[in-house]
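S.K.: Chains as they are written, first to last, in the working numbering: chain A, 1 to 294; chain B, 1001 to 1290; chain C, 2001 to 2251.
Mixed in with the good hints, there may be bad ones.
[Unchecked claim] Restraint ranges, calculated between C-beta atoms of paired labels, are given here: (1) A:T259 to B:E1131: 40 to 46 Å; (2) C:G2178 to B:I1181: 19 to 25 Å; (3) A:I144 to B:R1187: 48 to 54 Å.
[To be verified] Sample of chain A residues with no beta-carbon within 12 Å of chain C, all distances over it, derived: (4) M1; (5) L54; (6) W106; (7) P132; (8) R160; (9) Y173; (10) S212; (11) V241; (12) V245.
If you're looking for bench data, these hints aren't it; they were derived computationally from the structure.
By construction, the Cβ of each residue, glycine as well, lies at the ideal position given by its N, Cα and C atoms.
Letter by letter, the chains look like this.
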Amino acid sequence: MLAYILNLATLICINAVLALTLNFIMGYAGIFSMAHAIFFGLGAYTAAYVAMHLSVSIFLTIPIAMCVCALVSLVLALPALRVRGEYFVAASLGLQVIGVTVFSEWKFFTGGIGGVIGIPAASVFGFDVIDPAQFLLPAFISLIVVATIITILSRSSFGRNLQAIRDSESAAYAMGKNVAVIKTLSVVISSALSAIAGALYAFYNGFINVESFTLDTSVLLMAMVIIGGTGTLVGPLVGAVILMVLPSVFSYMWFLPQTEIGAIQQIAYGTAMVLLMIFRPGGLIGSSGKQAKS
Amino acid sequence: MLVVQLFINGIQSGALYALIAVGFSLIFGCTRIFHFAHGATFTIAAYIFYYLYSMAQFHWVLAVLASTIGAIIFGVVLDRWIYAPIQRHEGSFFTVFVASLGIGIIVQNLIGMIFGRGFVSVATPLSESVELMPGLFVAPLSGLAIICMLVFFFALQVFLNRTHIGIAMRALSENPALVRIYGLNPRHLSTMVFAIGSVLVVPAAILTGAGSGLNPAIAHHVMLISLAATIVGGVGSMKGAALAGMLLGITENFALIYLGPQWSEAVTFVVLFLFILLRPSGFFGRAIAN
Amino acid sequence: MTENPVLLRISNLQKNFGGLKVTQNVSLDMRAGIVTTLVGPNGAGKTTLFNLITGHLAPTGGDILWQGESLVGLAHWKIARKGIARTFQDLRLFDRMTVEENVLSVMEPIAWLWQPGGRSGLQHRKRKVKDILEKTRLSHKSGVRALDLSYAERKFLSMARIMAADAKIWLLDEPASGLDRGSYSHFLDLLRSEVKGGVTVCIIEHNLDIVYGISDRIAFLDQGKLMADGEPEAVLKDPHLTAIYFGDRAE
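Start from the sequences, fold in the hints, and give me the full structure.
M.R.: And the structure:
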């Protein structure tokens, strides 16, 4: 039982990092990305590759994974952010699909469909974190670190710039803000921080494959952010907890067909998304105020 | 000969894609709603037909009718009871999109629970290929797909250009306020747009069921194609969406053979990506001011 | 008045949308310290002119010179950084941000993770925000979200934002429309004191109190063409123009 709870808690921490970073661009900048799972995956594969070929030290694998994600997102964001938000959704959807194909085919780096197995344990200050139960500590610390970074950024002038762009891009331009650079920066930061979650995931499981980085995952992460509440700092955490705990809750409901838990979970958060958009678009934590049409 | 075969296969898929894409383009162009659940409409229509014709052994005419009615009801209900309330309160593009996404997820999983996640297909003699020439296999389905596309597009053209309501629908995308001045209700027009857009999906759904088969996740593929064709063809241009849909069908089939099945979907997206970056207005779209 | 240097020079500006000529051969000078009011019936192309100046629209022909330098083709944010600030007819406030954040954000145009000046810079900016909120009588609402404000408060927030912009010229698009008597007279006082401080202003307005009360010059637009340009009494006494202007009003 304890092992089960520790496992759940660790996964919640990892997903919470992803939800926080997705909220940073979705809730604060208004950038709708459906490709967040790809950066999660890129971070995971990079960390695994470094661990298996270079060093298992967490202070090398994670920074390298972050740099790779930052670079890739920079290359993709620069052109993609020049277009209107609606087109960016389509572009990110495209990126997600192409990304999954690349992950499935690039055997050298990702092991193809089989994935990467036998990822060695991460080493923190020379101490190998082998026991999964011990992993909760680094996962939790990472969550705190990411949450702190995001909070500081959100409350700064950069955070205000992001929100300005979200609320009225044309007014932001009229104030002399270089919207393209601001958006690109936010995407790069978000991707780099997501790499941390990817690295943690790779070390924790010891093996990764493309199934964890599909469109379903991206949508699940979006659901966490939307249900918890966009544009708030606590919202994504709440969303992560709720959506990670949901499958367990459903499996306790004996009257539900156990083989369909996955489908039931998806129906649950699909329904939540629809109802929230009608009645409370700000999410559970977000403001319930109906937004005035400007 | 392989090239000709691929081309013919491509036209078969392309015709169906064109229908789907025009449906989506019509809805998006007139109402500016990112109707992600368009894929769900397809899935519902396809599975209704599959259930009634293949499983319950009803006559195909009844199955087609039920499919059509199902698609229309779904589209209209979505517009009236989901999209409209959202637009009344806040109506930002993303809020509507998220709700549509949610509906898509619900439908996909419900269908999966009811019919299972594997591939099913409708058995019909129409899908049996005939060897026209050595190495060239064509099924009556291809011809049917093309005929459907032509018939529906012709009807749509006539409707949009010659009827009062059709012209009003086109005006809706330009200026909803103007529509009100002429005594028409934008809400009612919007509902009509959804009804028609959803009907366009039905022949594609049925023919796909008979041809390549169905599974609940097919909504994703439908959505991806609709999106790609609408953008590549140009937002607001149904001709563009149809043309792009056709081209995507052909490209996909060629990619299937020359690049392998894993890449055929990705190729569609590479094309989409390139257009978004280099020519966001697509083939015929209005120039997008940023 | 004609000794003041020309800040903004619009020459032979054209804008076509397909076959529709929304701006036809408009030439206008805006001199430092002068308040110009753009009047004309709805659809005359006044807001379009603003959009052309600020770079939200690209002209089809003609030129716009700011202190001698052409603005045509520049990105709208670069134009804003040259000292040209504007408000919007539909306000475009940052609805989900507070009043204080709305005004503060204007003074934070740098795209990087921090603004120059460090902590003391931030304190300085916040003090400036306090001053501006006092002048616009929004101090008691500084922590309130923009979308929760009343209509008049929103109009004043729009003014507060432009006051924070530290700009050389203000383009105001119907800043006082829909205001009640009390707010309206406050608005006039505010505008007068800012103008006295040296700001060059160009206003789109229908309200005659502003047109007569503050304007040094009036430019009359109709259907994209500049019909008249001169002192208020002269322009508004022209019976031809008043027919266009009031004929529209009577609708």
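S.K.: For each hint, tell me whether it holds in the structure or not.
M.R.: For each hint, the structure was consulted:
no.	hint	result
1	A:T259 to B:E1131: 40 to 46 Å	43 Å, holds
2	C:G2178 to B:I1181: 19 to 25 Å	23 Å, holds
3	A:I144 to B:R1187: 48 to 54 Å	50 Å, holds
4	M1	43 Å, holds
5	L54	30 Å, holds
6	W106	33 Å, holds
7	P132	36 Å, holds
8	R160	5 Å, violated
9	Y173	5 Å, violated
10	S212	31 Å, holds
11	V241	24 Å, holds
12	V245	29 Å, holds
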